Amino acid sequence: MPEEGYGRKARTATEECGGFECLPSSKPHSSTDGLILSNLVCCRIEKKGKGQRVDEMMLRRGWVSSTTAFDSDQCKSGGFKNLEDALGLFDSMVRMRHLPSIVKFTPLLGAIVKMKHYSTVISLIKRIELLGLEYDVYTLSMLINSFCFSNRVGFSFSVLGKILKLGLEPNSVTLTTLVKGLCVEGKIMPAVDLVNEMARKGYQPDLVTYGTIINGLCKTGNTTVAIGLLKKMEQGSCKPGVVAYSTIIDSLCKDRQAIEASNLFSEMIGKGILPDVVTYTSLIDGACNLGQWKEATRLLNEMVSRNLAPDVLTFNILLDTLCKEGMATEAEGVIEVMIQRGQQPNTVTYNALMDGYYLQGQMDEALRVFDVMLRKGCAPDVFSYSILINGYCKSKGIDKAMSLLEEMPHKGLVPNVVTYSTLIGGFCELGRLQNAQVLFNEMQTRGQIPDLITLSTIIGGLCKFQHLDKAMTLFEVIEDGGLNPDIVLYKILIDGLCKAGKLEAARELFFSIHAKGLFPNIHTHTIIISGLFKEGLLNEVSELLKEMDENGCLLNDCSYNTIVQGFLRNNEIPRAMQFLHVMVERGFSANACTTSMLVDFLSNDGLDHSFREMFEKFV
Numbered sequence: 001m002p003e004e005g006y007g008r009k010a011r012t013a014t015e016e017c018g019g020f021e022c023l024p025s026s027k028p029h030s031s032t033d034g035l036i037l038s039n040l041v042c043c044r045i046e047k048k049g050k051g052q053r054v055d056e057m058m059l060r061r062g063w064v065s066s067t068t069a070f071d072s073d074q075c076k077s078g079g080f081k082n083l084e085d086a087l088g089l090f091d092s093m094v095r096m097r098h099l100p101s102i103v104k105f106t107p108l109l110g111a112i113v114k115m116k117h118y119s120t121v122i123s124l125i126k127r128i129e130l131l132g133l134e135y136d137v138y139t140l141s142m143l144i145n146s147f148c149f150s151n152r153v154g155f156s157f158s159v160l161g162k163i164l165k166l167g168l169e170p171n172s173v174t175l176t177t178l179v180k181g182l183c184v185e186g187k188i189m190p191a192v193d194l195v196n197e198m199a200r201k202g203y204q205p206d207l208v209t210y211g212t213i214i215n216g217l218c219k220t221g222n223t224t225v226a227i228g229l230l231k232k233m234e235q236g237s238c239k240p241g242v243v244a245y246s247t248i249i250d251s252l253c254k255d256r257q258a259i260e261a262s263n264l265f266s267e268m269i270g271k272g273i274l275p276d277v278v279t280y281t282s283l284i285d286g287a288c289n290l291g292q293w294k295e296a297t298r299l300l301n302e303m304v305s306r307n308l309a310p311d312v313l314t315f316n317i318l319l320d321t322l323c324k325e326g327m328a329t330e331a332e333g334v335i336e337v338m339i340q341r342g343q344q345p346n347t348v349t350y351n352a353l354m355d356g357y358y359l360q361g362q363m364d365e366a367l368r369v370f371d372v373m374l375r376k377g378c379a380p381d382v383f384s385y386s387i388l389i390n391g392y393c394k395s396k397g398i399d400k401a402m403s404l405l406e407e408m409p410h411k412g413l414v415p416n417v418v419t420y421s422t423l424i425g426g427f428c429e430l431g432r433l434q435n436a437q438v439l440f441n442e443m444q445t446r447g448q449i450p451d452l453i454t455l456s457t458i459i460g461g462l463c464k465f466q467h468l469d470k471a472m473t474l475f476e477v478i479e480d481g482g483l484n485p486d487i488v489l490y491k492i493l494i495d496g497l498c499k500a501g502k503l504e505a506a507r508e509l510f511f512s513i514h515a516k517g518l519f520p521n522i523h524t525h526t527i528i529i530s531g532l533f534k535e536g537l538l539n540e541v542s543e544l545l546k547e548m549d550e551n552g553c554l555l556n557d558c559s560y561n562t563i564v565q566g567f568l569r570n571n572e573i574p575r576a577m578q579f580l581h582v583m584v585e586r587g588f589s590a591n592a593c594t595t596s597m598l599v600d601f602l603s604n605d606g607l608d609h610s611f612r613e614m615f616e617k618f619v
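If you read the sequence shown in the UniProt record's numbering, its first letter stands for residue 1, the second for the next number, and so on.
Note that these hints are calculated values from the structure, not bench results.
Worth double-checking, as some hints may not be accurate.
Okay, derived cross-link-like pairs now, BS3-like style, lysine-lysine, Cα gap no bigger than 25 Å in a straight line [stated by the list, open to error]:
| no. | residue 1 | residue 2 |
| --- | --- | --- |
| 1 | Lys219 | Lys239 |
| 2 | Lys470 | Lys499 |
| 3 | Lys396 | Lys464 |
| 4 | Lys324 | Lys396 |
| 5 | Lys396 | Lys376 |
| 6 | Lys294 | Lys254 |
| 7 | Lys464 | Lys502 |
| 8 | Lys187 | Lys116 |
| 9 | Lys499 | Lys464 |
| 10 | Lys294 | Lys231 |
| 11 | Lys232 | Lys271 |
| 12 | Lys114 | Lys162 |
| 13 | Lys470 | Lys516 |
| 14 | Lys324 | Lys254 |
| 15 | Lys165 | Lys104 |
| 16 | Lys219 | Lys254 |
Note that this is a predicted model, so its numbers are computed, not measured.
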């Protein structure tokens, strides 16, 4: 009988005997018997319970060596459904009479790495070390990988040191893993230094390593350094390909450096490197961001002429640009072309179109697109709902907006801070402050922490409708909670206090800004100046203006008009004329309120003749 037949016969016999209890206690006498046992081992993973006990019995009785028993496991190491099975096999291996070599452990560890149980891999490798087994470069590379993905890159370098100390050769995967770990932690320049250092020691980075660093450099705004690295690659044996070039081109486009991106694109083609869809999509995105619609169209046509089919991302960029330019109807045409070319619109596509109609104030059309999206089986996301909610809030349809908010959980969506902030703003605008406060409390109950925009919105609403005490109480809660208010929040509160005639509280708040490490901007200064004028505190105005001048806080159109009006109201004509003259010299003009006040003064018969002549020049 052929040996293959013996394998089948053995498996059948074992099943008929109710498992492995019928196996003889003596050692097999022939290679054929050994093959039968080997076949029994090969099915151990498919029938993990009995299979593992077969392994253990065979090894205990000394029927097979550790190498024979675990050759099948090496082939099947990626087939574990859960960590428990993998750990069970590991425990069996370490309890064996003859401990397997590190080579036998490596596939098992690799399987656990694939499951992303990095801390477990680290723990198991430590156990292997305690057993006295010598490491190989593959095991140590897995240890580096596990440390990196556990955000413990520092430990990875210790392992690299061990690799070099043992006289082992770190491979490109090891180097790339370390580089990626550094990039994930935002340590881009140390990653560059690592590659340079390893290159000096004779370990040449491959395309993947270089690509990882270039991507990290571009994401952190170090595009110039990335270009330098690209040039270095050109001079070496590892030449950059389309991925490296496209990554840098995309970064340049995002930085609005269209000319530099175009030059690099031309250089790439000149070297015989053909652009792909990603390259063209980046260039089209860059042109759209700069409002260069003709250039975007030219690039699209060139892309198609190279037999490169635009993908969903390409179409979405074009569609989003049209919508932002107020051409939502034309954007619908892009969707038709998109479908004709076999690209199905996704949630991002429909969101862009909805947003386009919202920007034009066409909420009915935005809702129509939302319904189309649902009919097409395209699931809306939080942004989809936020667009509609924002639109309804702006058009005073706050109750419709609330209905959408209540619908979101039924769709498996969690409203975010933006969604809540929009609705809170809508209620504040209508003076429905109680509803706004209910939502403000609800969002926190649901785990959404209010940001500064949310807080500015609700405090602004409280100030607008003269609920200054509640606004100040909330402000104090914010400070006590460890969230640092920004200058916008201070401005809103100071403005509310000034308008309510609570100048002393406004002044106190204004002068506390510096202690918080903030600097009042011109808008905040103008608000407090207006309040000081209303109380007739002209000396304080003069002191504040002097301080602003010393700090380089330049007056703008609004502040000049506020100062001129303040001096006129306090009958300080000479000082009003002084600022009026400087205002005009610096290219600013009197606004409607200032002009009206000047006309009123001109109609006053008691106005000094010299002042009358000066006023007439400005009126």
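Now the hints, each set against the structure:
| no. | hint | result |
| --- | --- | --- |
| 1 | Lys219 x Lys239 | 22 Å, holds |
| 2 | Lys470 x Lys499 | 16 Å, holds |
| 3 | Lys396 x Lys464 | 18 Å, holds |
| 4 | Lys324 x Lys396 | 23 Å, holds |
| 5 | Lys396 x Lys376 | 30 Å, violated |
| 6 | Lys294 x Lys254 | 18 Å, holds |
| 7 | Lys464 x Lys502 | 14 Å, holds |
| 8 | Lys187 x Lys116 | 23 Å, holds |
| 9 | Lys499 x Lys464 | 9 Å, holds |
| 10 | Lys294 x Lys231 | 31 Å, violated |
| 11 | Lys232 x Lys271 | 15 Å, holds |
| 12 | Lys114 x Lys162 | 24 Å, holds |
| 13 | Lys470 x Lys516 | 22 Å, holds |
| 14 | Lys324 x Lys254 | 17 Å, holds |
| 15 | Lys165 x Lys104 | 23 Å, holds |
| 16 | Lys219 x Lys254 | 10 Å, holds |
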